[in-house]
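In case you want the letters, here they are:
2 protein chains.
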Amino acid sequence: MRFDRAVPSIDMRADDFILISVDDHIAEPADMFEGHVPAKYADQAPRVVDLPDGSQQWFYGEIEGRNLGLNAVAGKPPEFFNVNPTRYDEMRPGCYDVHERVRDMSAGGQLAGLNFPNWTGFSGQVLNMGPDREVNLVMIRAYNDWHVDEWCHAYPERFIPCGIVPLFDVEEAAKEVHRLADKGCHAITFSENPAGLGMPSIHTDAWDPLFAACSDTGTVLCCHVGSSSKSVGTTPDAPPGVAMSLSSAMSIFTLGDLMWATFWQRFPDIKFALTEGDVGWIPYFLQRAEHALDRHNGWMKHESPNGKSPSEIFHDNVLCCFINDGVGIQLLDRFNVDNLCWESDYPHSDSSWPNAPESCEELFGGVADDLTNKITHQNAMRHYQFDPFSIRPREQCTAGALRAEATDVDTVTHVGRRADDSDIEAWDRIRGVRPKAKAKA
Amino acid sequence: MRFDRAVPSIDMRADDFILISVDDHIAEPADMFEGHVPAKYADQAPRVVDLPDGSQQWFYGEIEGRNLGLNAVAGKPPEFFNVNPTRYDEMRPGCYDVHERVRDMSAGGQLAGLNFPNWTGFSGQVLNMGPDREVNLVMIRAYNDWHVDEWCHAYPERFIPCGIVPLFDVEEAAKEVHRLADKGCHAITFSENPAGLGMPSIHTDAWDPLFAACSDTGTVLCCHVGSSSKSVGTTPDAPPGVAMSLSSAMSIFTLGDLMWATFWQRFPDIKFALTEGDVGWIPYFLQRAEHALDRHNGWMKHESPNGKSPSEIFHDNVLCCFINDGVGIQLLDRFNVDNLCWESDYPHSDSSWPNAPESCEELFGGVADDLTNKITHQNAMRHYQFDPFSIRPREQCTAGALRAEATDVDTVTHVGRRADDSDIEAWDRIRGVRPKAKAKA
Chain A
1 MRFDRAVPSI DMRADDFILI SVDDHIAEPA DMFEGHVPAK YADQAPRVVD LPDGSQQWFY
61 GEIEGRNLGL NAVAGKPPEF FNVNPTRYDE MRPGCYDVHE RVRDMSAGGQ LAGLNFPNWT
121 GFSGQVLNMG PDREVNLVMI RAYNDWHVDE WCHAYPERFI PCGIVPLFDV EEAAKEVHRL
181 ADKGCHAITF SENPAGLGMP SIHTDAWDPL FAACSDTGTV LCCHVGSSSK SVGTTPDAPP
241 GVAMSLSSAM SIFTLGDLMW ATFWQRFPDI KFALTEGDVG WIPYFLQRAE HALDRHNGWM
301 KHESPNGKSP SEIFHDNVLC CFINDGVGIQ LLDRFNVDNL CWESDYPHSD SSWPNAPESC
361 EELFGGVADD LTNKITHQNA MRHYQFDPFS IRPREQCTAG ALRAEATDVD TVTHVGRRAD
421 DSDIEAWDRI RGVRPKAKAK A
Chain B
1 MRFDRAVPSI DMRADDFILI SVDDHIAEPA DMFEGHVPAK YADQAPRVVD LPDGSQQWFY
61 GEIEGRNLGL NAVAGKPPEF FNVNPTRYDE MRPGCYDVHE RVRDMSAGGQ LAGLNFPNWT
121 GFSGQVLNMG PDREVNLVMI RAYNDWHVDE WCHAYPERFI PCGIVPLFDV EEAAKEVHRL
181 ADKGCHAITF SENPAGLGMP SIHTDAWDPL FAACSDTGTV LCCHVGSSSK SVGTTPDAPP
241 GVAMSLSSAM SIFTLGDLMW ATFWQRFPDI KFALTEGDVG WIPYFLQRAE HALDRHNGWM
301 KHESPNGKSP SEIFHDNVLC CFINDGVGIQ LLDRFNVDNL CWESDYPHSD SSWPNAPESC
361 EELFGGVADD LTNKITHQNA MRHYQFDPFS IRPREQCTAG ALRAEATDVD TVTHVGRRAD
421 DSDIEAWDRI RGVRPKAKAK A
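Chains A and B, in that order, give the protein sequences.
Residue numbers for the first sequence follow this note's numbering, so the first one is 1 and each next one is one higher.
Residue numbers for the second sequence follow this note's numbering, so the first one is 1 and each next one is one higher.
Just to be clear, a hint being listed does not mean it is correct.
No copy labels: a pair is met if it fits in one copy or bridges any two.
In silico SDA-like links for lysine to any residue, alpha-carbon gap of 20 angstroms or less [to be verified]:
(1) K175 x D149
(2) K308 x V337
(3) K301 x I430
(4) K175 x T407
Please keep in mind that the hints were generated in silico from the structure rather than gathered at the bench.
Computed from a prediction, not measured in an experiment: that's the story for all the values here.
Work out the full structure: start from the sequences and follow the hints.
Below you can see the structure in the form of structure tokens.
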């Protein structure tokens with residue numbers, strides 16, 4: 001029990017929150033590779049293609065990028081959420097333009113954010129999949145240079161940088177972690193389950209060079225839901241609500257792997273983050289893991305790394321985050337509140353933007369201010385070595401102060417297309433449903 | 001919020017609990033088919049075979065039954081838990097002998113239990129898999145006759161009957177539900193995901209005749225973890241603790257399917273039960289489902305059956321249960337306490353036997369007696385149409401009264417084999433690990 005319910009609680013108002021999100025996304029701009037790819041490789045750089053159906057699609061050689069659809073809906077009314085691919089001009093510019101992004105963040109009362117990729121895959125899978133590993137490495141470095149030097153450094157007090165790494169070559173990945181750290185970037189997006197990508201699991205020692213580099217540089221390994229290129233589902237003919245409700249189950253698997261991994265014996269200090277998985281389900285699985293250790297270790301013979309049980313590993317080494325998770329807050333006494341963070345998920349469909357301050361006021365009612373502040377920004381600052389207050393005075397970082405600077409931002413997105421049957425059809429295609437099989441058994 | 005925390009709480013002592021488990025198991029006795037299979041089919045009845053390695057194994061024709069191992073460890077110290085198959089004489093007689101079972105239940109302070117199969121598979125899969133459907137049907141009926149007439153009726157105040165059905169023939173399954181109901185059996189073990197067994201999913205209308213029969217007879221469809229013949233895992237080389245910690249994830253998938261199913265429109269009153277999945281994770285997924293409906297229904301276009309949202313469906317129609325789930329109790333106000341039940345899971349490895357009264361005293365401390373009584377026995381009695389008090393006066397049904405009748409029972413099991421490397425090897429075989437792949441990537 002790490003949270004004392006007896007701590008006096010003084011409810012914070014929406015305007016008082018300082019919000020740093022550990023999970024936002026960029027719909028990477030079409031010109032992202034310009035100036036970052038050596039001339040020799042310029043014609044191999046990924047590009048945006050206008051397709052005959054009117055949509056736009058990234059291609060890396062022959063490889064299609066992840067579609068935009070639900071990943072770029074910020075500001076749209078739900079009936080305008082599209083599963084189908086869309087075009088840049090059908091999303092609000094804050095999705096891809098850093099200046100507009102910062103204005104949107106201010107209008108939403110958000111000080112800063114850590115941004116994951118969109119079309120490149122949440123762990124940069126697409127840039128890892130090219131047939132020529134040398135070219136992949138060039139493009140991954142170009143992504144990182146664009147992301148850190150161009151996007152994040154445009155407003156260094158507003159962005160926590162997060163790099164991607166060549167997962168196909170662990171020694172090169174370790175080098176890239178050092179190169180990123182030298183740029184001030186202390187987060188990478190790892191995979192929630194590298195075995196899902198056809199790579200060695202975290203139960204091998206294959207990742208040791210990467211883990212060593214993260215340990216040396218204090219780099220957090222983020223495991224974003226979907227970063228194994230797998231998704232959760234029951235049957236192909238299940239209604240979409242099933243998979244939409246179960247997405248966090250991918251993080252359950254990641255938590256399971258992390259709690260029982262043995263690499264902690266070799267790297268006791270590295271930190272992993274469960275990204276976009278929410279937290280309200282975590283206490284049950286910690287309880288269950290302790291039960292399994294207590295009940296089954298007669299035959300499992302698990303050797304606790306450095307004497308730490310599965311839930312102790314979680315409490316000490318695994319960060320987690322949520323958008324708006326009332327169940328998680330009700331169970332706050334079962335978490336290490338030094339490792340809990342808040343996220344916005346802008347511009348994805350789950351985001352609370354532009355109403356995060358109001359949803360936080362409701363969510364954190366009854367939680368002591370010092371704990372609230374840890375969760376909403378202090379933990380993110382410490383874990384990611386990020387200090388916006390050295391650039392922007394703390395009192396100018398509150399939701400109220402930021403919103404006062406962006407009163408002209410229209411938070412409703414007026415471009416786009418009303419969802420229709422083509423979106424359900426797109427969902428079915430993604431899930432592999434055969435149209436005929438759907439209606440009847 | 002269906003649970004009023006203001007209800008005064010008077011802590012119950014271990015001796016005062018009345019415990020009815022909705023999930024125990026029988027290690028089916030070797031002579032179970034005797035007297036229940038017509039002479040014409042007698043030589044096709046499943047049988048126990050002594051294998052050269054000293055273990056015993058059920059065979060239904062060429063089909064191997066599920067192994068016993070961790071499913072028959074009641075009373076053993078954890079270092080004697082075996083994953084490997086075992087022999088009947090290496091388990092305590094309460095696993096397979098009804099008279100000894102009742103003595104064990106009394107010694108554990110437990111009034112009654114609903115028993116699932118063991119070797120036949122938790123939804124009777126093995127008896128559904130034979131090449132001749134007519135023979136399968138004979139054996140399924142024989143199982144049910146043995147289970148209801150012989151096992152349960154030996155002590156009708158101590159057992160809630162639960163049948164298996166021919167999942168391969170929905171019309172025959174419906175008939176068997178009626179036949180079972182006529183015998184006083186109001187539970188069947190359905191599959192947590194019939195599509196996992198190669199059958200139509202619950203999102204088709206293929207199951208309508210079975211659901212209609214359950215609706216007509218007030219029969220609960222139980223969905224036991226593992227009853228889709230699938231298990232949860234991350235990678236084959238993961239330590240066994242991972243899968244042991246994640247087993248409830250199978251129930252998460254079942255909950256997802258049930259919350260979004262549309263058959264409720266046709267069968268608004270039937271009840272499903274999530275069995276052995278615990279409950280502490282449920283509130284998060286209810287919250288998430290409501291979010292998905294609110295945020296995504298612009299394109300999903302889910303039509304709520306009878307106007308009920310996913311979490312309303314759960315609260316009204318889905319029973320759930322737990323062995324010892326402190327997280328679930330902490331979240332009690334997020335459940336419909338009329339649909340929560342307690343389970344023992346005797347003789348499986350997760351069971352709290354013989355200490356359930358003491359673990360319940362601790363678990364239900366702070367919960368009002370009327371709610372505790374609903375969870376520990378009243379809900380099970382109502383949902384399964386089971387009335388032990390008509391046979392045995394209520395005051396003789398408490399843990400204390402039952403234990404007083406069984407003071408001579410030795411609750412430590414002295415037969416068996418200390419777990420060793422062969423158990424880990426058995427685990428690896430079950431999980432499909434290639435020995436060479438395990439050591440290194």
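Item to complete: If the cutoff is 20 angstroms on CA atoms, where do K175 and T407 land: within, between, both or neither? Let me know, please.
Response: Neither. Shortest intra-copy (44 angstroms) and inter-copy (68 angstroms) distances fail the 20 angstroms Cα cut-off.
Worksheet item: When no copy is named, should K301 and I430 be tagged within, between, both, or neither for a Cα gap of at most 20 angstroms?
Response: between (41 angstroms within a copy, 17 angstroms between copies)
Discussion item. Within a copy, between copies, both or neither: which one fits K175 and D149 at a CA-CA cutoff of 20 angstroms?
Written reply: within (18 angstroms within a copy, 70 angstroms between copies)
Worksheet item: Given identical chains, is K308 near V337, meaning Cα to Cα at most 20 angstroms, within a copy, between copies, both, or neither?
Response: The answer is within: 19 angstroms in one copy meets 20 angstroms, while 36 angstroms across copies does not.
Checked against the numbered hints given earlier, the structure breaks only hint 4 and satisfies all the rest.
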